[in-house]
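*Asks:* One-letter residues, chain by chain:
There are 2 protein chains.
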Amino acid sequence: MDQQVTDAAQVNTARYEALMDVIRNRMTNRAFAPCEIPREHYELVLEAARHAPSGANAQPWHYIVVRDSAVKQAISQYFVQEQQNRIKLQMKFPTPNYSGVATAPGVIAIAVDYRFVRAFPVLNDGSELDRMYRRNAERILLQSVASSTMSAHLAAAALGYAVWWITAIGQDEMQRNIRPLLGIPEELDVVDVMCFGPPLKPSYKRWKKPLDQIVSWDRFNHQNLMTMKQIEDWVKTRRHKVMYRDETNVD
Amino acid sequence: MDQQVTDAAQVNTARYEALMDVIRNRMTNRAFAPCEIPREHYELVLEAARHAPSGANAQPWHYIVVRDSAVKQAISQYFVQEQQNRIKLQMKFPTPNYSGVATAPGVIAIAVDYRFVRAFPVLNDGSELDRMYRRNAERILLQSVASSTMSAHLAAAALGYAVWWITAIGQDEMQRNIRPLLGIPEELDVVDVMCFGPPLKPSYKRWKKPLDQIVSWDRFNHQNLMTMKQIEDWVKTRRHKVMYRDETNVD
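Chains S and C supply the protein sequences, listed in that same order. Counted from 1, the first sequence has number 89 at position 89 by the numbering used here; the numbering is strictly sequential. Counted from 1, the second sequence has number 144 at position 144 by the numbering used here; the numbering is strictly sequential.
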């Protein structure tokens, strides 16, 4: 073992702590105080997104900054409509109040170019084997765009903003509505909307699982596997608490 | 507009720069120098993963730390085999040399519990509408785990390590091989392997698209849309360069 190398790896705890200061304080909020986001701040946020890793370094992401308040309003309306659809469908999902999108100071739509799956290991021959590889390729694509979006969220948090990551827009109908508002071509999928701004009321920290519930050493710790019954109970009795309460107030 | 709020958001450029120092210096490497990762470093890396956002705050991720060198060797062998499969299939994907996994000081397998899609907006009735919602729910799930994995990679980079994010393991056969090595139950999908350690040779920065190629203001900039022909050309002539060369040496 090369002691020098180990030492080199151990000196950067200050840099780690600076990162964790941002990671711990990235907090979701769904209502923002009025504020004009300077163009420079959008650029700082997206500069972080730009450096993210991606499968085959394909960088298959597009960020569309939404500054027109009429467009924000329209996007918000489609989300509110989706909220009402879910109630009608008796989905029982504790859907957030999407009207906050209309007044979010910073709004960025995130689109992904699914055609880039052909840049990943695939066969492009429509065979059964190709379908298996394509399924994995789509996972690579989505994980890539999420690593970039996460970087943008961290950057916004570092600048002092509260953030809101909306992934509930993959439905085809929602996309058909949102694309024309932003001139997004049919070749692209709108997968996320990112909102940020100063919080209207203070943000609060959500409950996070303790480390031992998500980490196993050498072999998977079966105590961390939930039964389907436990997952169903979690959805019924705990989901709304971990989504909408302060971590100190979950139980 | 509330000037005080805007000022508050503008003061944190030092925190932003500290974050960007990590984001810019998160670099991929596929060969590592020998080094023993202290248990504390695994915990620091996974502490970052723990704080990530997730759909419905479901935190559907499991991290399995792999310290046994025989197990690392076995995982590496399955990847090398996959490398050979791709050559036989004439996939033309410039697959990296996976033998570096065997000697990576830090190896963490990342599993996701797909059953948690039922915590997202879905109907669970097998209808056509349910399938549409489930497709989106799977996207939420994957984006969630990627936001957590990305946080872990940034933490490892902050500690001074080079990182390697392997997403090429979603194929069913690969999972059937890897699960028993780590005691991972069938209920979970192994979606990624993360390697980290001191680089054997210096890491180099990959090419990243300039900001104006990924950002549109108010309406999508159609200059940033590639035609299918352009994507195919990119795959043929540029992919291997952006994957394996220093950014200063791509053209």
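Just so you know, the hints here were simulated from the structure itself, not pulled from any lab data. Watch out, some of these pointers could steer you wrong.
Note that the list lumps identical chains together, so a pair holds whenever it fits in one copy or between two copies.
To be verified - Here are the simulated lysine to any residue pairs, SDA-like style, with alpha carbons at most 20 Å apart:
(1) Lys205 - Ile87
(2) Lys88 - Glu128
(3) Lys201 - Thr248
(4) Lys205 - Asn249
(5) Lys229 - Lys241
(6) Lys92 - Glu128
*Asks:* Looking back at the hints listed earlier, which ones does the structure fail to meet?
*Replies:* 1
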